[in-house]
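> Listed below are the residues making up each chain.
Protein chains: 2
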Amino acid sequence: MYICRVNLTYYCFKVKTVTKNVLKNSLKRIFLYRACLYRLKMMGVEKVFSYTLAEEAGVTPDQVRKDFSEFNIRGNKRGGYVLSDLLEKMEALFYRNKEHNIILMGMGNLGLALSKYSRFVQRNMNVVAAFDIDPYKQKARYDIPVYGMDRLKEIIHRFKVKVAIIAVPEISAQQVCDELVRNGIKGIINFAPVLLKVPEDVVINNINLCDELESVIYYVHNQIRNEGLKNIELLYGDMK
Amino acid sequence: MYICRVNLTYYCFKVKTVTKNVLKNSLKRIFLYRACLYRLKMMGVEKVFSYTLAEEAGVTPDQVRKDFSEFNIRGNKRGGYVLSDLLEKMEALFYRNKEHNIILMGMGNLGLALSKYSRFVQRNMNVVAAFDIDPYKQKARYDIPVYGMDRLKEIIHRFKVKVAIIAVPEISAQQVCDELVRNGIKGIINFAPVLLKVPEDVVINNINLCDELESVIYYVHNQIRNEGLKNIELLYGDMK
DNA sequence: TTTTAGATGTGAATATTATCACATAAATGG
DNA sequence: CCATTTATGTGATAATATTCACATCTAAAA
Ligand SMILES: NC(=O)c1ccc[n+]([C@@H]2O[C@H](COP(=O)([O-])OP(=O)(O)OC[C@H]3O[C@@H](n4cnc5c(N)ncnc54)[C@H](O)[C@@H]3O)[C@@H](O)[C@H]2O)c1
Ligand SMILES: NC(=O)c1ccc[n+]([C@@H]2O[C@H](COP(=O)([O-])OP(=O)(O)OC[C@H]3O[C@@H](n4cnc5c(N)ncnc54)[C@H](O)[C@@H]3O)[C@@H](O)[C@H]2O)c1
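Sequence order for the protein chains is A and B.
Under the numbering used here, read the first sequence as residues 7 to 246, first letter to last.
Under the numbering used here, read the second sequence as residues 7 to 246, first letter to last.
Be aware that one or more of the hints could be misleading.
One copy or two, it doesn't matter: identical chains are merged, so the pair holds either way.
Said to hold, decoys possible - Calculated cross-link-like contacts (lysine-lysine; reagent style PhoX-like; alpha-carbon spacing at most 20 Å):
1. K122 <-> K159
2. K203 <-> K47
3. K145 <-> K122
4. K168 <-> K72
5. K53 <-> K83
6. K72 <-> K83
7. K53 <-> K95
8. K95 <-> K47
9. K143 <-> K122
10. K83 <-> K203
Calculated from the structure, these hints are not laboratory results.
Nothing here was measured: the structure is a model prediction, and the numbers come from that model.
Work out the full structure: start from the sequences and follow the hints.
This is the structure we're talking about:
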């Protein structure tokens, strides 16, 4: 599967020999659909229709079908979709079949919590190591090994790590980020409330808790409702 | 300031006696601009132009001006914008002048980290209390008081709490959420990887770490770049 | 086996969002 | 103090995303 940028908001990629233009929003919603499907699965549902899923996800049935169409996910012309089939197709889309090694930068309050988060493993994502400049933390015992920055290159290469989580103080974030990029990291989840500068081929996903909270407060204050939606906007999404 | 919903994607609200239609995406970008402005401020910048900010935020200068226009934020016809003025206007927009009391549900790994996060306070958001069913945690000493669920109503009313953070296990999340809604909570940041069901007047902001990680992996794998963007899509944004 | 009801899949139509382009205002310099 | 330069602010226009509408297919009923 080959992907190239066609223009600023469209991505062009191949699904089974056919080149299609996939809208970024469609991709985002696929994640939502997947979450809904897991929920429905837990409830014992085995078959869904576009309107079942739409209802659950807070979108229109047309949207669901259109999105599926974009990703070449197809159901039975009258019988809707078999839930397990759908999930399988989505997981394949997200490379769930493969294992992914991840590293964690910073073993402070947040890093510690993340290091104990078992769900990563359940989803084939292994946090193979954490890195911290504090020598005390390198000596202490945690669920995952904690190294000094001197071993960053070695670990990244040994485990073929492509994605890192940044949980270091704001002030160190850019420096740590640069170091990661220098060592071949291509994707970053950044918890530090700063906008990191990276080369164009590196993907950053910022999670800014204060901003998210503030936006909720804004919505609540102004009585903006999320009718029909399961979620309000997350910030920093779909810029440009 | 009064806000009402006009249709599914537009919101209608009053800015100084003039009713304007504000696009949701504009609002999202205002958060981004603010983050950029703080960054520039730290670098000693005092005056910005639409193209300065655009460059920093990874959008077009037109977009910046248009967004400002939507929110009635205006600069000097030739002299650009005074940074401190801009920030002031944005903070006013986000009710930063007022204090906001917040509660935290669940004092586990994540809850503990959040309870120590000092930045909330810096931004006028006070986590006044945490709640946990574990009696041990109610007795132990933390940075903030930890209560049992029996005191939820009392605390919410005493501190006029409108917004809560959910950091309880997935299995308990809906139940805790219902309890919050029953006691008048109108906005929720939810870390549990489930889609919560709430009445229409309650705003939910889900932060699903695994999904965010998976999306980064997806982007990295498919070599989708975030050219010109400071952030890739966050999930669950802008549905419907 | 044939009919019928009901859901999919997708171009066409509509709605929304972003960019363009330029009139407009304010600093600057002669 | 007027001309010139330069950046704002915003309608007009272009691009993108969503919804509509219906042809198409298939499961179930007759
Ligand atoms: N605590 C939270 O709940 C929370 C929530 C959201 C965001 N954040 C953000 O996450 C980041 C970490 O927060 P925290 O509360 O865990 O802070 P912390 O101070 O507890 O932990 C930071 C850790 O990073 C390490 N560190 C510092 N500089 C480093 C460097 N150059 N290289 C490697 N390691 C380094 C420190 O030794 C420390 O262990 C901050 O940017 C914060 O704003 C924290
Ligand atoms: N640990 C992480 O880094 C992390 C990251 C992202 C998301 N999450 C999510 O956040 C949630 C909490 O994660 P965690 O690692 O802190 O789990 P945890 O098990 O360490 O903590 C959960 C806490 O909630 C309390 N609790 C359970 N049921 C409750 C109820 N009905 N009412 C009040 N309190 C209750 C428990 O006593 C416990 O203290 C989970 O849904 C998890 O998926 C965790």
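> Take the hints in turn and mark each one as holding or not.
Verification of the hints:
In this homomeric assembly, K122 and K159 never come within 20 Å of each other (Cα to Cα): the closest approach is 24 Å inside a single copy and 31 Å across copies. For the identical chains of this complex, K203 and K47 are inter-copy neighbours only, at 16 Å across copies versus 41 Å inside a copy, given an alpha-carbon limit of 20 Å. Taking the shortest alpha-carbon separations for K145 and K122, only the intra-copy value of 17 Å comes in at or below 20 Å, while the best inter-copy value is 23 Å. Taking identical chains as interchangeable, the C-alpha atoms of K168 and K72 are never at most 20 Å apart, the minima being 32 Å within one chain and 37 Å between chains.
Taking the shortest alpha-carbon separations for K53 and K83, only the intra-copy value of 13 Å comes in at or below 20 Å, while the best inter-copy value is 59 Å. In this homomeric assembly, K72 and K83 come within 20 Å of each other (Cα to Cα) only inside a single copy, at 14 Å, whereas the closest approach across copies is 44 Å. In this assembly of identical chains, the alpha carbons of K53 and K95 lie at most 20 Å apart only when taken from the same copy (15 Å versus 50 Å across copies). Taking the closest pair of Cα atoms, K95 and K47 come within 20 Å of each other only inside a single copy of the chain (15 Å); across copies the shortest separation is 47 Å, beyond that limit.
For the identical chains of this complex, K143 and K122 are neighbours both inside a copy (15 Å) and across copies (18 Å), given an alpha-carbon limit of 20 Å. When the C-alpha separation of K83 and K203 is checked against a cutoff of 20 Å, the pair qualifies neither within a copy, at 47 Å, nor between copies, at 30 Å.
Violation of the numbered hints given earlier is confined to hints 1, 4 and 10; the remaining hints are satisfied by the structure.
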